Every structure is written in structure tokens, then in C-alpha cells.
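Those letters in the sequence shown? Residues 1 to 78, per the numbering used here, in order.
These aren't lab readings, by the way, just hints derived from the structure by calculation. The model shown is predicted, which means the values in this text are computed figures rather than measured ones. Glycine residues also receive a C-beta, built at the ideal position from the N, C-alpha and C atoms. Just to be clear, a hint being listed does not mean it is correct.
Computed beta-carbon distance windows for the label pairs [what the hints assert, rightly or not]:
(1) F38 with L4: 15 to 25 Å
(2) P51 with L4: 13 to 23 Å
(3) L75 with P55: 14 to 24 Å
(4) G16 with Y65: 15 to 25 Å
(5) N5 with H47: 19 to 29 Å
(6) D46 with L4: 11 to 21 Å
(7) L4 with H47: 36 to 46 Å
(8) L4 with Q48: 33 to 43 Å
(9) T32 with G63: 32 to 42 Å
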Amino acid sequence: MQALNPRAVLLHIDGGHEGRHVLLDFLLYSPTLVQGGFIVFDDYRDHQYSPQVGPAVDLLRAGGYFNGFDVIGSLPGF
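Given only the sequences and the hints, what does the whole structure look like? Please build it.
Here's what the structure looks like:
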């Protein structure tokens with residue numbers, strides 16, 4: 001039996017809104033991205049209702065986890 005090897009062009013991380021959930025989702029699913037794929041972190045700028053999302057993404061970025069990725073930025077209101 002062959003192992004599943006899912007591949008993604010777009011990874012939209014919008015699961016749990018605690019920092020640990022964001023970190024785990026990224027670590028679990030980012031290896032499925034194809035070359036040139038995209039990752040969207042939902043609620044990155046939602047400091048009122050999801051205050052742990054932004055710092056978790058910033059921690060990944062500071063830790064070098066986005067090496068090989070271009071950071072496009074964020075859109076206010078999304």
C-alpha cells in the first residue's frame with residue numbers, strides 16, 4: 001500500500017487561535033506545500049479576538065521557519 005503524500009498549492013491556517021495551535025498547524029502542514037505555494041495565516045492582525053496568532057507567526061518568522069518563503073504582508077480587515 002502506498003503512503004499518502006498530499007500536496008498543497010495553498011495552505012490556509014485558520015484552526016485553533018492559541019499560539020501553540022498556529023505553530024503546530026504550520027509545522028504539520030507546511031511540508032505539504034509545493035514549490036511556489038502560498039501560506040495564509042488567518043487572523044494575523046486580529047489583536048482583539050485572536051491575540052496569540054500574530055505573535056506565533058512572528059515567532060516562526062524570527063526562528064527562520066520562513067526561509068525559502070517570500071513574506072508578502074497582510075491585508076487589514078481580513
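Here is what the structure says about each hint:
no.	hint	result
1	F38 with L4: 15 to 25 Å	22 Å, holds
2	P51 with L4: 13 to 23 Å	35 Å, violated
3	L75 with P55: 14 to 24 Å	19 Å, holds
4	G16 with Y65: 15 to 25 Å	18 Å, holds
5	N5 with H47: 19 to 29 Å	37 Å, violated
6	D46 with L4: 11 to 21 Å	33 Å, violated
7	L4 with H47: 36 to 46 Å	37 Å, holds
8	L4 with Q48: 33 to 43 Å	38 Å, holds
9	T32 with G63: 32 to 42 Å	20 Å, violated
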